[in-house]
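Peer 1: Take the given structure of chain A and dock chain B to it, following the hints.
Single-letter residue listing:
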Amino acid sequence: MIQVRSLSKFYGKKPVVEEVSVDIQPGKITSFIGPNGAGKSTLLSMVSRLLDADTGEVLVDNADVRRMKSQEFAKRVSILKQSNHMNVRLTIRELVSFGRFPYSKGRLTEEDERIVEQSLEYMHLTEMEDSFLDELSGGQRQRAFIAMVIAQDTDYILLDEPLNNLDMKHSVQIMKILRRLVDELGKTVVIVLHDINFASVYSDRIVAMKDGKVVKDGPTEEIIQSEALSEIYDMDIPIREMDNCRICVYFNS
Amino acid sequence: MRNSMKIASLVLIAAGCCALYLFHDLNGSFDYALPRRAIKVMAMVITGFTIAYATVVFQTITHNRILTPSIMGLDSLYLLLQTLIIFFLGSGHMIVVNKQVNFLLSAVVMVLFALLLYRFLFKKGGQSIYFLLLVGIIVGTFFSSISTFFQVLIDPNEFQIVQDRMFASFNNINADLVWLALVIIGLVAIYAWRYLKYLDVLSLGREMAINLGVPYDSIVKKMLVIVAIFISISTALVGPITFFGLIVANLSYQFFKTHKHRVLISGSVIMSIIALVGGQWVVERVFTFSTTLSVIINFIGGVYFIYLLLKERKTG
Chain A
1 MIQVRSLSKF YGKKPVVEEV SVDIQPGKIT SFIGPNGAGK STLLSMVSRL LDADTGEVLV
61 DNADVRRMKS QEFAKRVSIL KQSNHMNVRL TIRELVSFGR FPYSKGRLTE EDERIVEQSL
121 EYMHLTEMED SFLDELSGGQ RQRAFIAMVI AQDTDYILLD EPLNNLDMKH SVQIMKILRR
181 LVDELGKTVV IVLHDINFAS VYSDRIVAMK DGKVVKDGPT EEIIQSEALS EIYDMDIPIR
241 EMDNCRICVY FNS
Chain B
254 MRNSMKIASL VLIAAGCCAL YLFHDLNGSF DYALPRRAIK VMAMVITGFT IAYATVVFQT
314 ITHNRILTPS IMGLDSLYLL LQTLIIFFLG SGHMIVVNKQ VNFLLSAVVM VLFALLLYRF
374 LFKKGGQSIY FLLLVGIIVG TFFSSISTFF QVLIDPNEFQ IVQDRMFASF NNINADLVWL
434 ALVIIGLVAI YAWRYLKYLD VLSLGREMAI NLGVPYDSIV KKMLVIVAIF ISISTALVGP
494 ITFFGLIVAN LSYQFFKTHK HRVLISGSVI MSIIALVGGQ WVVERVFTFS TTLSVIINFI
554 GGVYFIYLLL KERKTG
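Heads up: the sequence lines are chains A and B, in that order.
Its first residue numbered 1, the first sequence is counted upward by one per residue in the numbering used here.
Its first residue numbered 254, the second sequence is counted upward by one per residue in the numbering used here.
With the rest of the complex left out, here is chain A (with noise of 0.2 Å):
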C-alpha cells in the first residue's frame, strides 16, 4: 500500500498540494479526476520522487520513501509523465531494455532480456522492436513506454495522463492493458485522467482532487454519482447508466 500522509506543496506562498493524505490500495487501478490545476500531478510527481514535497511524508508499503536507496524504490514504484521528449534516438527494444536499468546497471543478464522480451510480447510490439520511438505514432509510442515499465516490473505503476493526445481506440487500448495489468499480473495502477468516463468504466477506486485538496475518495460507483461530481467540476452532471457502465453525459449541460 501506498500512504501518503498530510503531504504539501508550495510555490512561493501558494500551496499547490495542502496537507493531503490518502491511501492507494494495492491490486487496484485507481483514478486521479479533478479540474486544471487541481495538484493531481503535482501529487503524482511527490509520490514518485521527481519532486520534493514541503511537508508530510510518503509510506510505500510502510517504508518511508525518502529513506529508501533510488535503485530500490525503483524496483518498487515507476512513473510515467505525459510528456517523454528525449534527444537521443532509441529503437523500441532499446527503450524497454531501459526498465532493467534497477536490476542490471546497463549490463543486461539473461533473466534481464527475457523480460524485455515478455515485456514486449505482452504490448504486441515484438514485430516492430527494432523501429525507432520517432518514427511511431502516438499510440505506439505509449505502448513503448508502458513495455518499458513493465520491464521495470514494479508493484506500483503511476501514470500522469497516458491518454494524452490519444484517439478513442488507442485510449481504449490503453486502459484495457491496464486492466490486465491489475487483473493478470496484480500490479497498482495509479492514474490521472481527465476523461471521467474513462475513470468511470475502468478504475475501481476514485480520488477527486480540488484546489490541492482531496474532496472525495471512494470506490467507483461512489464517486460517479451527479451530486459528487459536481461538487468537484461545478457543473452539472448527469449520469446515464447503459450496458453496466456508469456514463457521464457533461457536453451540453
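Simulated from the structure, these hints should not be mistaken for laboratory data.
There could be a bad hint or two in this list.
Computed cross-link-like contacts, DSSO-like style, restricted to lysine-lysine with a CA-CA straight-line distance of at most 30 Å [unchecked claim]:
#1 A:69 <-> B:513
#2 A:75 <-> B:474
#3 A:69 <-> B:564
#4 B:259 <-> B:513
#5 B:259 <-> A:75
#6 B:474 <-> A:105
#7 A:13 <-> B:510
#8 A:14 <-> A:213
#9 B:513 <-> B:564
#10 A:14 <-> A:176
#11 B:513 <-> A:105
#12 A:28 <-> A:69
#13 A:75 <-> B:450
#14 A:176 <-> A:75
#15 A:216 <-> A:176
#16 A:105 <-> B:475
#17 B:475 <-> A:69
#18 B:510 <-> A:105
#19 B:352 <-> B:510
#20 B:474 <-> B:513
#21 A:216 <-> A:13
#22 B:564 <-> A:105
#23 B:450 <-> A:105
#24 A:69 <-> B:259
#25 A:75 <-> B:475
#26 B:259 <-> B:564
Just so you know, these numbers come straight off a predicted model, no measurement behind them.
Peer 2: Just chain B now, kept in the frame of chain A:
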C-alpha cells in the same frame, strides 16, 4: 560489434598520427627531438581526452548538443586571471614566468570558482541546470569585459604576453606539468568510470532517470565537478580550447549513432587525439608554424557549428 570495429580503426588512425608526428623527419635525433615531441603528443592526448570527455558529459547533462562547457565561464576566468596577473605584477613576475606556479594557480582558481558556483546554486535546491548555465554566461561575460578593460590599459609589450595566453598552444609545454596533469586526470577518470553507465539513462531526461533509480541530483553534481576539473586542467595546461569539444562530440554522435556513453566518449576522445596530433603536424610541417592549431580548430569548428545550427533548425 560494428561500433567496436569503428573504435578499433579510429585507434589505428590515432596511433598512425602519433607515429607520424613523432618520427617524421626525425633525422636520427632520438635524444633531443624525440622526447620533446613525445611530451607534446602527451599534452595533446591529455587535452583531447579532457575536452572530449567533458563536452560529451556536459551535453548529456544539459540535453543540448550545441553547448560546450566553456559556457560556464571557466575560459573567461582563466583569461581574466592571466590578464590581472600580468597587469598588476608585470610579465617578468615569477607567477607569469614559472609555468608550474602558473598552472597550479590557474587550475586551483578555476576549480574553486566552479565549486563555489555549484554550491551557491545547488544550496537553494530545485534549481534547474539551465539556471546554472545562465549564471555561467553572465559571469563569463563579466569576466571577459573586465579582461578587455585591463587589456586596453595594459602596456602594449605586456599585451603581447596576454595575447599569447588567449590561444591554446602546444609549443611550449612543460614536461613536469604534463606528468602532473596526467596523474590528476587519470585518477579522476578512474573515479568517474563507474558513473558512466548512469549517463546513458540521463540522456532519457531527468524524470526518466529518476524513475529508473538514478540518484539524479548527486550524479549531476559529481559530473559537473568532473567536467570543471577536466576543463580547468586542460585550460591551465595549454590555454582555452573548449570550442574544439563541440566538433568532436558531434562527430562522435554522428559516427557511432548510439546512446551508450562508453562508446561515445571513447570515440570522441580518439577523434580529438587524431584532430590535435594530426592538426599539429599539419601546422608544423605544412604551414611551418605560420599559423596556430587553435586558429585552424576555431575556423573549422565555427563552420561546423553553423552547419549544426542549420541542420537542427531543419529537423526541429
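Peer 1: Now tell me, hint by hint, if it's right for this structure.
Peer 2: Cross-check of the supplied hints:
| no. | hint | result |
| --- | --- | --- |
| 1 | A:69 <-> B:513 | 24 Å, holds |
| 2 | A:75 <-> B:474 | 24 Å, holds |
| 3 | A:69 <-> B:564 | 41 Å, violated |
| 4 | B:259 <-> B:513 | 14 Å, holds |
| 5 | B:259 <-> A:75 | 36 Å, violated |
| 6 | B:474 <-> A:105 | 20 Å, holds |
| 7 | A:13 <-> B:510 | 46 Å, violated |
| 8 | A:14 <-> A:213 | 13 Å, holds |
| 9 | B:513 <-> B:564 | 23 Å, holds |
| 10 | A:14 <-> A:176 | 38 Å, violated |
| 11 | B:513 <-> A:105 | 12 Å, holds |
| 12 | A:28 <-> A:69 | 26 Å, holds |
| 13 | A:75 <-> B:450 | 18 Å, holds |
| 14 | A:176 <-> A:75 | 24 Å, holds |
| 15 | A:216 <-> A:176 | 25 Å, holds |
| 16 | A:105 <-> B:475 | 18 Å, holds |
| 17 | B:475 <-> A:69 | 18 Å, holds |
| 18 | B:510 <-> A:105 | 21 Å, holds |
| 19 | B:352 <-> B:510 | 41 Å, violated |
| 20 | B:474 <-> B:513 | 20 Å, holds |
| 21 | A:216 <-> A:13 | 25 Å, holds |
| 22 | B:564 <-> A:105 | 34 Å, violated |
| 23 | B:450 <-> A:105 | 7 Å, holds |
| 24 | A:69 <-> B:259 | 38 Å, violated |
| 25 | A:75 <-> B:475 | 24 Å, holds |
| 26 | B:259 <-> B:564 | 24 Å, holds |
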